[in-house]
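Asker: Residue numbers (the working numbering), protein chains in the order written: chain S, 1 to 173; chain A, 1 to 173; chain B, 1 to 498; chain Z, 1 to 498.
The reader is advised that the hints may include incorrect statements.
[To be verified] Below are the DMTMM-like pairs computed for lysine to aspartate or glutamate, each with C-alpha atoms no more than 25 Å apart in a straight line:
id: 1; chain 1: S; residue 1: LYS117; chain 2: S; residue 2: GLU143
id: 2; chain 1: Z; residue 1: LYS314; chain 2: B; residue 2: GLU173
id: 3; chain 1: A; residue 1: LYS77; chain 2: B; residue 2: GLU178
[What the hints assert, rightly or not] If you only want the chain B side, here are some residues facing chain S, beta carbon under 10 Å, derived:
id: 4; residue: VAL29
id: 5; residue: ALA30
id: 6; residue: PHE35
id: 7; residue: LYS37
id: 8; residue: ALA42
id: 9; residue: ALA45
id: 10; residue: ASP46
id: 11; residue: GLU47
id: 12; residue: ALA48
id: 13; residue: GLY63
id: 14; residue: ILE67
id: 15; residue: LYS71
id: 16; residue: THR73
id: 17; residue: GLU373
id: 18; residue: SER379
If you're looking for bench data, these hints aren't it; they were derived computationally from the structure. Each residue gets a CB set at the ideal place from its N, CA and C atoms; glycine is no exception.
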Amino acid sequence: MIGLGKYIASINGKEIELLVISEDTILFNGKEIKFEYSFLKKDVISLRIEGKNYQVSLSDEDSQPEENSYSLDFYSKKYETICRNETDLLIDKFSSGKKDNLQKNNIKSPMPGIILKLNVKVNDAVKKGDILLVLEAMKMENELKSPRDGIIKKISISEKTSVEKNQLLIELE
Amino acid sequence: MIGLGKYIASINGKEIELLVISEDTILFNGKEIKFEYSFLKKDVISLRIEGKNYQVSLSDEDSQPEENSYSLDFYSKKYETICRNETDLLIDKFSSGKKDNLQKNNIKSPMPGIILKLNVKVNDAVKKGDILLVLEAMKMENELKSPRDGIIKKISISEKTSVEKNQLLIELE
Amino acid sequence: MFKKILIANRGEIAVRVITAAKEMGIKTVAVYSDFDKFSMFARIADEAYHLGPSPAAQSYLLGEKIIEIAKRTGCEAIHPGYGFLSERPIFAKLCEDNKIKFIGPSSSAIEFLGSKTNAKDIAVKANVPTVPGMHGALKDLNHAIEVSSQIGFPILLKASAGGGGKGMRVVRELSELESSYRQAKSESLASFGDDSVFIEKYLEEPRHIEFQILADEHGNVVHLGERECSMQRRHQKIIEESPSVILDEKLRKEMGECAKRIALEANYSNAGTVEFILDKNKNFYFLEVNTRLQVEHPVTEVRTGLDLVKEQFKIAFGEKLSVTQEDIIPKGHSIECRICAEDSDNNFMPSTGKIGYIQKILGNGIREDSGVEAGDEISVYYDPMISKLICFAETREAAIEKMSRVLNEYSITGIKTNSGFLLELLNCKEFKSGNYNTQFIEKEFLNRKSESLDQESELAIALSSVLFKNNNVGQSSGKPIIQTKNTEWQKKKFNSYR
Amino acid sequence: MFKKILIANRGEIAVRVITAAKEMGIKTVAVYSDFDKFSMFARIADEAYHLGPSPAAQSYLLGEKIIEIAKRTGCEAIHPGYGFLSERPIFAKLCEDNKIKFIGPSSSAIEFLGSKTNAKDIAVKANVPTVPGMHGALKDLNHAIEVSSQIGFPILLKASAGGGGKGMRVVRELSELESSYRQAKSESLASFGDDSVFIEKYLEEPRHIEFQILADEHGNVVHLGERECSMQRRHQKIIEESPSVILDEKLRKEMGECAKRIALEANYSNAGTVEFILDKNKNFYFLEVNTRLQVEHPVTEVRTGLDLVKEQFKIAFGEKLSVTQEDIIPKGHSIECRICAEDSDNNFMPSTGKIGYIQKILGNGIREDSGVEAGDEISVYYDPMISKLICFAETREAAIEKMSRVLNEYSITGIKTNSGFLLELLNCKEFKSGNYNTQFIEKEFLNRKSESLDQESELAIALSSVLFKNNNVGQSSGKPIIQTKNTEWQKKKFNSYR
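Work out the full structure, taking the sequences as your base and the hints as a guide.
Answerer: Structural data, given as structure tokens:
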């Protein structure tokens with residue numbers, strides 16, 4: 001069952017508004033558009049819009065549904081999307097003016113490995129793309145870069161500590 | 001977790017006794033045999049006995065666990081097995097002398113179709129292999145034969161009735 | 001090349017044609033029945049549109065509706081696949097009338113070659129040997145008696161309007177003629193809407209060998225070698241291979257030339273197959289022309305390196321043949337096995353249900369054309385064939401070993417398939433020696449006794465039943481299984497065995 | 001032929017060798033680490049035995065233990081695959097000492113050709129052009145300064161004891177020499193336990209072309225044509241193809257002969273690869289010999305129809321080569337793409353996790369060598385390559401179209417793969433025109449800007465996010481999503497839009 005009503009979906013920052021008016025019809029740019037879909041798996045959708053076929057899958061790992069953020073894979077390319085329905089829009093209006101764009105605060109380890117080099121201390125100011133630390137895994141050195149400009153709020157690892165996959169490493173303000 | 005103790009497994013009628021003495025060891029023909037296994041799917045087992053690899057899958061449809069009967073697929077060939085543990089053996093001893101071999105009473109429709117010809121009436125005596133009825137499906141005529149000698153107890157269909165998959169058609173005494 | 005085409009079929013052949021078109025930058029439009037709404041072929045086409053309810057008669061056989069969708073979506077051509085509308089002249093005519101290219105021969109060629117008797121005339125004109133028989137259809141029972149005594153028993157009663165074993169009866173003596181005559185006519189009427197039948201000499205231990213032909217619309221034609229299709233059950237092919245063990249170079253060349261002469265005589269274009277029948281003494285006779293791409297076309301593709309579906313697109317687009325007869329040098333040996341959803345232990349009853357798990361390890365020299373994947377439903381609405389395994393190797397022995405390895409590792413849950421039957425068939429001495437004919441399965445193979453299990457395999461099956469029992473997998477139906485808990489006492493007791 | 005062999009490897013190459021052996025009736029024994037207990041390769045071998053914990057150093061690299069298992073289970077030979085022990089002379093020696101046939105060259109040939117400097121001597125003796133450089137290893141920094149000024153910058157510092165880009169530094173001016181010299185020595189020590197380095201001329205825009213050779217133990221050797229391997233990132237090959245667009249028949253013949261001369265000079269036997277480097281003016285220089293079967297061997301198999309693994313078995317069993325140079329006529333064009341579990345949007349960080357769903361539609365002319373299936377875990381213990389897609393077509397354009405179609409339909413959940421990156425790479429103008437070199441990816445391709453989405457695709461992604469949101473799929477982490485119920489009121493409200 002799909003919740004009827006307005007949705008605003010932002011794809012890599014670009015906003016798209018659509019109105020779900022029934023189980024198989026949406027209103028988009030003033031036009032009624034028919035669609036059908038089937039969940040091949042809980043994280044894979046086969047979607048048909050006005051006869052045109054699409055297949056989209058969800059990367060569970062990178063999605064944070066509680067923050068309305070869904071990381072989608074569209075023909076092997078990744079798209080960060082935020083999808084808000086009318087209720088979310090209301091909440092955003094009255095909440096503490098949470099900044100609109102996707103708030104990437106936590107930097108988690110993408111896989112098990114060992115911290116080779118830590119380049120930052122708490123309260124350091126960092127720019128998007130700065131190398132925060134170097135993680136060694138499988139004889140390869142992987143640099144973890146800052147997803148945005150910000151201030152280092154908390155660091156929960158030090159050099160030489162070994163980390164698990166998805167373990168929280170650094171938090172930004 | 002595997003229940004320890006004695007098991008008697010009959011394969012297409014041939015009886016094999018084995019004793020499960022731990023999570024990875026059985027006693028068979030007086031010899032201790034090591035084994036490992038993994039359920040690839042709930043109905044597919046990858047089994048390794050003393051290093052030798054086997055793969056066995058279960059046909060849910062034809063198995064009747066409540067009657068300890070498991071229809072197994074071993075390298076694309078089917079084996080009807082009955083597997084009883086010590087408790088089952090006790091029950092059999094005291095129960096109403098239920099005949100030992102597999103009691104195929106119910107003849108169910110293997111697939112949706114239409115009854116083309118019904119060759120038997122209630123109380124007819126039939127031999128194993130007699131053609132009880134002809135089921136028409138996909139422009140093909142499929143004869144349903146009697147699984148064993150017996151007497152027709154109940155017939156729940158008549159000619160021209162269309163049937164669903166697994167629908168009960170005929171019951172033998 | 002065409003910009004957009006419609007695929008009027010489903011399952012593995014639809015996937016085959018769609019992928020070939022996409023590889024040539026051609027946009028693809030699929031049509032689907034209710035059942036096939038999100039089947040693999042309907043998902044991977046660029047566009048897909050609904051035809052009707054699941055039964056073929058209300059969906060894949062609706063010629064007008066398919067044409068209407070093709071026009072609405074701007075398709076320049078329609079590929080019919082095999083079965084369904086592929087050999088119906090009316091559909092090809094409908095395409096021609098609506099200026100949509102039918103990817104296949106002309107409607108007149110389909111119509112003409114569709115009738116066994118006409119096809120026979122063409123063969124005679126192309127001086128290709130035909131099975132001793134009569135001309136035209138039988139008028140009545142007396143006519144049947146007259147002709148059969150002339151040709152001499154055993155004779156074969158055949159439906160003029162169709163093949164695939166429908167409306168066919170072998171008659172060994174005069175006494176059986178009347179009942180077989182009636183049955184043949186009624187079955188032919190039921191299957192093809194035309195009850196005309198004719199009589200032919202019945203050949204003992206016949207082998208069925210067919211030649212793939214490719215003809216463009218400019219009078220050029222080539223043959224791509226033979227396919228041996230004698231491994232059949234109820235006239236349905238199960239295993240096809242190429243080359244045939246019994247053809248030598250001379251006979252192959254002669255039969256190939258006959259196939260080409262027939263194509264030219266019938267003004268045939270696009271892909272087609274000329275079927276021959278060989279008797280015990282390797283005399284060959286023309287049988288019929290299949291005016292479509294066949295299920296077993298990959299057997300020829302892996303030996304010649306040609307993509308027949310793409311050649312069909314080029315021919316239909318008006319291009320000249322890109323190969324001459326000299327360019328075609330088939331290499332090595334190939335075998336195709338048709339994987340069908342049927343229970344070979346239960347009279348090949350079609351098997352339906354949801355596919356749970358498929359394990360198949362292909363690798364070097366193995367190709368699979370499939371239309372299903374794990375999670376898909378198999379229904380009674382359509383043909384039970386779900387996929388084809390095609391192997392290529394340098395020698396026939398290597399090809400048999402390779403296919404056996406794949407079938408041995410092949411495992412599927414949720415439905416039954418004939419993979420075990422195919423594995424046994426491949427390794428029986430008749431197949432290995434190559435001397436089998438179209439009656440081998442029904443006459444001999446079906447009453448083979450099954451090999452006994454070695455002790456180690458027996459133990460493996462027994463132990464598996466214990467594991468499944470403990471895993472309560474069989475919970476699905478009714479009474480709870482009594483599960484003994486491993487009490488401390490029990491564990492102690494068994495340790496004493498150590 | 002061997003009755004039983006042990007496969008000392010894992011993943012896709014283990015599956016490749018096991019299936020090839022089974023197809024020749026050879027019994028197969030697999031060895032596995034904790035992680036691989038029920039991995040595909042360990043399941044399909046006839047027998048499988050435990051080696052040790054998951055890290056390679058405690059399992060797949062334990063030569064003695066592998067030999068012990070081989071002896072215990074009666075294996076007559078061991079196939080090392082690639083990587084792991086395949087190029088360690090000590091392991092080959094261990095096999096020889098224990099009378100177990102090492103399926104590959106002799107331990108002395110491995111040892112000799114393993115050192116870059118020795119290999120260079122062989123090339124000189126076989127009068128094959130080598131990259132201008134020095135002889136033997138550098139004694140100290142001054143020696144390095146002397147040699148580099150002699151050859152002239154830019155120069156390349158290389159580790160004697162190994163390849164794959166480890167211990168390698170490009171030095172464009174004298175000022176950079178000291179730091180690069182130190183780094184090269186330390187990295188080489190870390191990777192190969194030997195810090196000796198030497199200097200070679202650094203070639204601009206180099207292309208990496210290798211020749212597959214097959215040599216039996218009776219002095220016969222053939223080459224099976226070239227593989228173009230210039231599409232690399234951090235010295236790891238990503239796409240290989242054959243034939244190379246820049247070789248003409250003359251150059252191909254000349255380089256092929258050079259490869260054979262080197263094999264003979266080095267008394268090489270079994271399968272091997274002679275790597276060359278070409279500069280902008282198509283001058284070729286010998287680079288090194290890979291004394292093993294390579295990841296990209298299928299590229300050669302699909303063009304020649306030969307099964308290189310089976311040829312390896314025959315050669316190791318002492319048989320003469322079954323083909324002469326004249327028999328080898330590579331046909332058509334083939335491309336291989338290495339599917340790796342890595343995040344190409346995040347600096348190619350290895351991706352781990354459980355594979356949920358794999359959709360791959362292969363079909364005509366596509367082969368996949370894979371070691372994983374849906375449900376399998378991908379870990380950091382081993383190489384991130386999970387499978388290889390190899391396509392064959394008559395022309396290069398058709399091969400690119402075919403591979404693009406497969407990659408476009410390829411979809412996998414649970415881990416990230418480079419399939420999207422491969423698709424873009426295949427269709428960039430440099431690859432399509434064929435003029436790319438080993439530096440193309442890092443120098444140009446990585447800073448390409450991504451194409452913008454068309455409006456229809458944008459809508460599809462937006463609508464999918466709505467569907468996922470409603471399907472509460474993302475429940476896995478924390479706070480419940482607020483779900484609006486479709487009250488009657490709401491439904492009425494929207495109907496007014498109609």
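Asker: The structure should be examined with respect to each hint, and the outcome stated for every one.
Answerer: So, going through the hints one by one against the coordinates:
1. With a CA separation close to 9 Å, the supplied pair LYS117(S) and GLU143(S) stays within the 25 Å bound.
2. For the hint linking LYS314(Z) to GLU173(B), the alpha-carbon distance of about 57 Å lies beyond 25 Å, and the restraint is violated.
3. With a C-alpha separation of about 42 Å, the suggested pairing of LYS77(A) with GLU178(B) is violated against the 25 Å cut-off.
4. With its C-beta approaching chain S no nearer than about 8 Å, VAL29(B) sits inside the 10 Å limit, and its interface hint holds.
5. Interface restraint check for ALA30(B): the shortest CB-CB distance to chain S comes to about 8 Å, inside 10 Å, so the restraint holds.
6. Evaluation of the PHE35(B) hint against chain S yields a violated restraint, the C-beta minimum of about 13 Å exceeding 10 Å.
7. Taking 10 Å as the C-beta cut-off, the interface hint given for LYS37(B) holds, the closest approach to chain S being about 7 Å.
8. A distance limit of 10 Å between C-beta atoms decides the matter here; for ALA42(B) the minimum to chain S is near 8 Å, and the interface restraint holds.
9. Taking 10 Å as the C-beta contact cut-off toward chain S, the hint placing ALA45(B) at the interface holds, the least distance being around 6 Å.
10. For ASP46(B), the interface hint holds, the least distance from its beta-carbon to any beta-carbon of chain S being 6 Å, beneath 10 Å.
11. This hint holds: GLU47(B) has a C-beta 5 Å from the nearest C-beta of chain S, less than the 10 Å allowed.
12. The interface hint given for ALA48(B) holds, since its Cβ lies 6 Å from the closest Cβ of chain S, which is under the 10 Å cut-off.
13. Against a cut-off of 10 Å between C-beta atoms, the interface hint on GLY63(B) is violated, since the closest Cβ of chain S lies about 20 Å away.
14. Violation of the interface hint for ILE67(B) is found here, the shortest Cβ-Cβ separation to chain S being roughly 16 Å, above the 10 Å cut-off.
15. Nearest Cβ of chain S to the Cβ of LYS71(B): about 14 Å, over the 10 Å cut. The hint is violated.
16. Interface hint status for THR73(B): upheld, as the beta-carbon distance to the closest one in chain S is roughly 7 Å, under 10 Å.
17. Using the Cβ-Cβ criterion of 10 Å, the hint placing GLU373(B) at the interface with chain S is satisfied: the shortest such distance is roughly 9 Å.
18. Look at SER379(B): its Cβ only gets to about 16 Å from chain S, farther than 10 Å, so that hint breaks.
Consistency with the previously given hints fails for numbers 2, 3, 6, 13, 14, 15 and 18, ordered from lowest to highest.
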